[in-house]
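If you read the sequences in order, they're chains A and B.
Numbered continuously in full-length UniProt numbering, the first sequence closes out at residue 458.
Numbered continuously in full-length UniProt numbering, the second sequence closes out at residue 261.
Read the hints as simulated data drawn from the structure, not as lab findings.
A few of these clues could be false.
[Stated by the list, open to error] Subject to a maximum C-alpha distance of 25 Å in a straight line, what follows is the list of computed SDA-like cross-link-like pairs (lysine to any residue):
no.	chain 1	residue 1	chain 2	residue 2
1	A	Lys113	B	Asn136
2	B	Lys58	A	Phe98
3	B	Lys58	A	Lys113
4	A	Lys113	B	Arg63
5	A	Lys421	B	Ala103
6	A	Lys113	B	Leu18
7	A	Lys113	B	Leu3
8	B	Lys96	A	Met240
9	B	Lys96	A	Leu411
10	A	Lys113	B	Gly15
11	A	Lys199	A	Val210
12	A	Lys113	B	Ala103
13	B	Lys58	A	Thr450
14	B	Lys58	A	Val418
15	B	Lys96	A	Leu233
16	A	Lys251	B	Ala139
17	B	Lys58	A	Val210
18	B	Lys92	A	Leu415
19	B	Lys58	A	Arg445
20	B	Lys58	A	Lys251
21	B	Lys92	A	Pro446
22	B	Lys96	A	Pro446
23	A	Lys113	B	Gly145
24	A	Lys113	B	Trp188
25	A	Lys172	B	Ala103
26	A	Lys113	B	Lys92
27	A	Lys421	B	Gly100
28	A	Lys113	B	Gly100
29	A	Lys199	B	Gly100
30	A	Lys113	B	Leu137
31	A	Lys199	B	Gly143
32	A	Lys113	B	Lys96
33	B	Lys96	A	Asp441
34	B	Lys58	A	Pro391
35	A	Lys113	B	Thr146
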Amino acid sequence: MITFMNNSDSEDETCNERTSLMSAESPPIPSYQDGLQASEAGEAQIHRKRHAGSSRSPNNVADGDMSDSGVRARGSALENEDEELTLKYGAKHVIMLFAPVTLCMIVVVATIKSVRFYTEKNGQLIYTPFSEDTPSVGQRLLNSVLNTIIMISVIVVMTVFLVVLYKYRCYKFIHGWLILSSLMLLFLFTYIYLGEVLKTYNVAMDYPTVILVIWNFGAVGMICIHWKGPLQLQQAYLIMISALMALVFIKYLPEWSAWVILGAISIYDLMAVLCPKGPLRMLVETAQERNEPIFPALIYSSAMIWTVGMAKPDTAARGPSQQTWDAAEDEREKHSSPSHSDSQILETRSPVPSHPITSLEEPEEEERGVKLGLGDFIFYSVLVGKAAATPSGDWNTTLACFVAILIGLCLTLLLLAVFKKALPALPISITFGLIFYFSTDNLVRPFMDTLASHQLYI
Amino acid sequence: MTLAVFFGCTFIAFGPALSLFLFTIARDPLRIIILIAGAFFWLVSLLLSSLIWFIAVKASDPRDEALQRGLLIFGVMFSVLLQEAFRFLYYKLLRKAIEGLVALSEDGCSPISIQQMAYVAGVGFGLMSGAFSMINLLADALGPGTVGIHGDSQLYFLTSAFMTMVLIFLHTFWGILFFHGCENQRWWEIAAVVLMHLAVSGSTFWNPLYVGSLVPSYLLMAAAAVWAYLLSGGSAQNLRRFLLCKCLVKGDGDLSGRPWG
Chain A
1 MITFMNNSDS EDETCNERTS LMSAESPPIP SYQDGLQASE AGEAQIHRKR
51 HAGSSRSPNN VADGDMSDSG VRARGSALEN EDEELTLKYG AKHVIMLFAP
101 VTLCMIVVVA TIKSVRFYTE KNGQLIYTPF SEDTPSVGQR LLNSVLNTII
151 MISVIVVMTV FLVVLYKYRC YKFIHGWLIL SSLMLLFLFT YIYLGEVLKT
201 YNVAMDYPTV ILVIWNFGAV GMICIHWKGP LQLQQAYLIM ISALMALVFI
251 KYLPEWSAWV ILGAISIYDL MAVLCPKGPL RMLVETAQER NEPIFPALIY
301 SSAMIWTVGM AKPDTAARGP SQQTWDAAED EREKHSSPSH SDSQILETRS
351 PVPSHPITSL EEPEEEERGV KLGLGDFIFY SVLVGKAAAT PSGDWNTTLA
401 CFVAILIGLC LTLLLLAVFK KALPALPISI TFGLIFYFST DNLVRPFMDT
451 LASHQLYI
Chain B
1 MTLAVFFGCT FIAFGPALSL FLFTIARDPL RIIILIAGAF FWLVSLLLSS
51 LIWFIAVKAS DPRDEALQRG LLIFGVMFSV LLQEAFRFLY YKLLRKAIEG
101 LVALSEDGCS PISIQQMAYV AGVGFGLMSG AFSMINLLAD ALGPGTVGIH
151 GDSQLYFLTS AFMTMVLIFL HTFWGILFFH GCENQRWWEI AAVVLMHLAV
201 SGSTFWNPLY VGSLVPSYLL MAAAAVWAYL LSGGSAQNLR RFLLCKCLVK
251 GDGDLSGRPW G
């Protein structure tokens, strides 16, 4: 089974490669079978597409779903082995996602705690027109709900627009949109960020230096994201972009609206990915029909995927790891759309149209990675950033939300390993995050403060 | 307060735990997951105990000092008991996980043993407990102020850091002891862990008389360390061999693999 060759660089004993997420059910060990279309099963991937422009289209797609049909046709024993092999990579993939999510959150929290700019209220976006400066609580709640409705509708509209564009193969439009969004993120927002950081630390920098720095940063970013670049550099850029977008959200979303939006968007995510007529699900299915990777530019990929051809030679058009970028984060101004030009760049290896039953092609190195959409990064970071931005300055709340989100991500990946289809990455994490934010801020904080004032330890 | 205080207290409190993490946990993804899940369980236990305390406080008269103090004591004790209860729940969960891992593995051996899980779970509990106790203090240590200007102890930050460190260690050892007790049905080990935890938390009521809280806690930590070491397969010979840098003879019992007997 070529696709399951372990090319992990773990130097631990073989037992480690069989680490898996905790699962209650243990399927019987199936017999080893060659040619099992297990690669897609092994690719536990959560995609989240984010459209640029105003819509967040939470899009979670299991990559390689196209091969799933082949798997299912082979009976349960094979599926058991699929499941086993999938779970073999579970723990490692979880950590491959923990690290960038943690990094993004650290950047956001560090910025929020040090740079005053992102916690000052300087107006609102046009997508949240209702102000929260009302005297009564009921009015404020109503305004935040209305803001949420407007925001979510904008997102839905943008998602549907994107699906329509994709359906009618307007790739150039999508591509151009994407480039425009990433330009804005990489240049304008970075410039603002740099300016604010310099202001905070009272460091003087002349314009030529700024131009040089921003130009280089932005140009390299564009190349890494839209074309080719070292994987780690690309991942770093995606993390930075997600952090910048999250900071924009934290700054411009009013207090209560932000929380209601977070809740609403996880519900929307759930529906858009799981309902049969959900836009994201349609997106996934369309992409599967065409055997194209789905919006690779909006996804963070943790590893390069060199696809090995399975029984279907077209499945080689996968592995969008390198050009993942998320343009959708600029929901405000941009109307970026996921780029489909990536599909041309995808074949990093020629597809080997193997007949999987007995042939073992030359061992193609395959390091299957996990994919997480950039929108997930953004909303996780928004939650943790808002927890860090609370006026009480409590760090326990931030830490609690962080742990809650990580556990939610872990559970989501576990479900992914079990169900092997596209799953929304937001609901569980955001639910945990919200529960822990409100309970830690209101219940745990007084308790811990009282304990600390008496220097008691539990 | 200064950066020196900040860094000093950070490394006192979290240095050993961080090294434990880096050397033993960071390489293995499964252990990291178990660590974070352990932290989550501790967090949930804290949440529930804070809820109870909060309800009790809101239902009582805020001006009655003695009552508030009594409620605080009750809150602390209840929190300790709840933490141990959640440690037990986590043990149950990890047992199930081991069964799943064994069934999924090719050669019938789980990639991680219950003892390793006990250790990692203990570190998870300890790190979260220490973080919740210490992080706000560290953040304040960066800002302006004078410690103890109103007559309180001037050693507040330092003793908090030491207390946090000992608590992290204790949680680690308690994890090992507790899981061993659950595995081998030795209920007195579990009871000992609970009592030790209550004792340590109770001793902090002596603060700011630090000799009454830090010294017993460190003594208890030493005792727990020896006990956990012995339970994990350590012995005096092992220790001597380690200290004299002799290589361990295979099968002689090293810390990681020997099953509990």
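Assess, step by step, whether the Cα of Lys58 (chain B) is no farther than 25 Å from the Cα of Lys251 (chain A), and give holds or violated. Distance ~34 Å between Lys58 (chain B) and Lys251 (chain A) Cα, so the pair is violated.
Lys113 (chain A) and Leu3 (chain B) were given as a pair; does the straight-line alpha-carbon distance stay at or below 25 Å? holds, 17 Å
Just to be careful, I want the Cα atoms of Lys199 (chain A) and Gly143 (chain B) compared with a cutoff of 25 Å; is the pair within it? holds, 19 Å
Within a Cα-Cα threshold of 25 Å, do Lys113 (chain A) and Thr146 (chain B) meet the stated pairing? Satisfied, since the Cα-Cα distance of roughly 22 Å is no more than 25 Å.
25 Å limit on alpha-carbon distance, applied to hinted pair Lys172 (chain A) and Ala103 (chain B): Violated. Lys172 (chain A) to Ala103 (chain B) sits at ~50 Å, over the 25 Å cutoff.
Does the alpha-carbon distance linking Lys113 (chain A) and Ala103 (chain B) stay inside the 25 Å limit? Violated, because 46 Å separates the two Cα atoms, which is more than 25 Å.
Lys113 (chain A) paired with Gly100 (chain B) [C-alpha distance capped at 25 Å]: Not satisfied, since the Cα-Cα distance of roughly 42 Å exceeds 25 Å.
Does Leu415 (chain A) lie within 25 Å of Lys92 (chain B) when you go C-alpha to C-alpha? holds, 20 Å
Between Lys113 (chain A) and Gly15 (chain B), is the straight-line Cα distance small enough, at 25 Å or below? holds, 23 Å
Holds or violated: Lys58 (chain B) and Thr450 (chain A), Cα atoms, limit 25 Å. holds, 14 Å
Would the pair Lys199 (chain A) and Gly100 (chain B) pass a check requiring their Cα atoms to be no farther apart than 25 Å? At roughly 54 Å apart (the allowed maximum being 25 Å), Gly100 (chain B) and Lys199 (chain A) break the hint.
Taken at face value, is the distance from the CA of Val210 (chain A) to the CA of Lys58 (chain B) at most 25 Å? Roughly 55 Å between the alpha carbons, so the hint for Lys58 (chain B) and Val210 (chain A) is violated.
Consistency with the previously given hints fails for numbers 2, 3, 4, 8, 12, 14, 15, 17, 20, 21, 22, 24, 25, 26, 28, 29, 32 and 33, ordered from lowest to highest.
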